[in-house]
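Chains as they are written, first to last, in the working numbering: chain L, 1 to 187; chain D, 1 to 286.
Warning: the hint list may mix true and false statements.
Estimated spans, in silico, between C-beta atoms of each pair [claimed, not checked]: (1) D:M160 <-> L:D25: 54 to 62 Å; (2) D:P37 <-> L:D186: 29 to 37 Å; (3) L:H166 <-> D:P119: 34 to 42 Å; (4) D:E127 <-> L:E169: 36 to 44 Å; (5) L:D43 <-> D:F97: 36 to 44 Å; (6) D:G202 <-> L:R22: 30 to 38 Å; (7) L:K141 <-> D:D38: 28 to 36 Å.
From chain D, some residues computed to sit far from chain L (all C-beta separations above 10 Å) [unchecked claim]: (8) L29; (9) W39; (10) R193; (11) G212; (12) S272.
Mimicking DSBU-like on lysine-lysine, the simulated pairs with C-alpha atoms at most 30 Å apart in a straight line are [said to hold, decoys possible]: (13) L:K103 <-> L:K171; (14) L:K20 <-> D:K89; (15) D:K101 <-> L:K181; (16) L:K103 <-> L:K18.
Rather than coming from a laboratory, the hints here were simulated on the basis of the structure. Note that beta-carbon positions come from the ideal geometry of N, C-alpha and C, so glycine has one too.
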Amino acid sequence: MDKNSISPDERSEKFLSKLKERDIDVQACYQCGRCSSGCPIGDFFDLKVMEVVRLAAYGQEDQLLQSHAIWLCAACETCATRCPNEIEIAGLMDVLRELALRKGISPAEPRIPVFHRSFLGSVNRWGKAYEIGMIANYKMKTGDLMGDMRLGMNMFLKGKLKLMPHSIEGKSEIKEIFSGKGKEYDR
Amino acid sequence: MKLSYYPGCSLEGTALDYDQSVREICRQLDIELVEIPDWNCCGASSAHMTDHEVGIRLPMRNLLLAADAGHDILVPCAACFQRLKAADKALRENPRFWDVKKYTADFEIIHISTFLARPEILAAIREKVSHNLDQLAIACYYGCLSLRNPRVTDAPNWEMPETLESIVAAVGARPVAWSHRTECCSGSLTMARPDIAEKLVGDIVTAARRAGAGAMVTDCPMCQANVESRQVPGTGEELPVFFATELIAAALSGTYPSKQQKVHLVSPVVLSKAIDDASRRQEDSA
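Construct the entire structure; sequences and hints are all you get.
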């Protein structure tokens, strides 16, 4: 983080009102650091969790959307669980990821959103996650064809990967969910 | 007793054996499971992490389907459990916001080990155990999503849970005291960043070993797959990860079939040894 102790005068009001709407009270943070010290993946982050919260309170959306931290967060909820002010920090990470995707910001960890998209693509198509289809899609899109090849074969031989997808009956309801239901009212 | 049952996608794929052991022990405990008709994926972490609407609406559909039957919902997967709870909270707060006219569901959403650790169920398990697994020192591993965030999960002891320990003790095994019971294994990152998963899993397994465990027991299918698959093979330091229901099924039946042993990525021989030891002791005393 920039070593400037004075809060920046430019801030994204749109981002701050989004957080307010979701009851994510980043202003309640007094930088105790419990979130950062409990984060299991913090060692791999470019920003500490407490820095993410403070930057959010300053409305510094751009820096956050370009960070590795928002993608490396595994949604384990340790931070939000331990926050003495009950700030929904994991929810903040959700908002940041969704915003980065909607704004088309090139992700600092490109493989991670590809994974999420491959997973959800299979749910959209079948109503359930179909592991082999999801993995194939992920591999094609990332070009990571050889990674985990031995593990994949091993799991396949152990019968842990189902060959055929099972489709649910109510597929049209799932399609409706993925077509942006409820988002009409987003500004 | 009759419960609605939400297996979730993992239990039809990588954790198919988890589903089988859940159904088997429920049969033995006289618990009737009614699978939610035409259930869909809860969206897991990927949905809520990237799309709030989809992250609530996917699990919501399952709750509305289950509401028709009205029974409490048993959920073996920690991620599914957390997503169903999140949707349940959202619906209770404001159903119309989610295009639902009325939501008066009086059912509970129950994660499997919370259910199995009920005093009357533990007593039934204890009574039906045919082979005491007292040779097994076990590190009970909860991971994240059945516990956190407690504002969503309603978990009473999210830092120091005891449900798995009480289940493991009910089949005679010895739960060890250790440090990483509720640490994240980074399951949601395991495909995209295996390096991170290897580090976290390595720390978890080392901690379990240091406490003297010969195996781990969990109630999360992502943890089970991730912790077994991200250990470095061939070190001789690997620990198998059993589902709590797998352990119970073995202790009740007194068998640990080779078909079940084969699905593990780390040798599960400690469990068959514990069963064999128990059989031998029974023969000796007979």
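Against the structure, the hints:
no.: 1; hint: D:M160 <-> L:D25: 54 to 62 Å; result: 27 Å, violated
no.: 2; hint: D:P37 <-> L:D186: 29 to 37 Å; result: 32 Å, holds
no.: 3; hint: L:H166 <-> D:P119: 34 to 42 Å; result: 37 Å, holds
no.: 4; hint: D:E127 <-> L:E169: 36 to 44 Å; result: 41 Å, holds
no.: 5; hint: L:D43 <-> D:F97: 36 to 44 Å; result: 39 Å, holds
no.: 6; hint: D:G202 <-> L:R22: 30 to 38 Å; result: 35 Å, holds
no.: 7; hint: L:K141 <-> D:D38: 28 to 36 Å; result: 30 Å, holds
no.: 8; hint: L29; result: 27 Å, holds
no.: 9; hint: W39; result: 7 Å, violated
no.: 10; hint: R193; result: 7 Å, violated
no.: 11; hint: G212; result: 23 Å, holds
no.: 12; hint: S272; result: 17 Å, holds
no.: 13; hint: L:K103 <-> L:K171; result: 29 Å, holds
no.: 14; hint: L:K20 <-> D:K89; result: 18 Å, holds
no.: 15; hint: D:K101 <-> L:K181; result: 16 Å, holds
no.: 16; hint: L:K103 <-> L:K18; result: 15 Å, holds
Hint check: violations occur at hints 1, 9 and 10; the rest are consistent with the structure.
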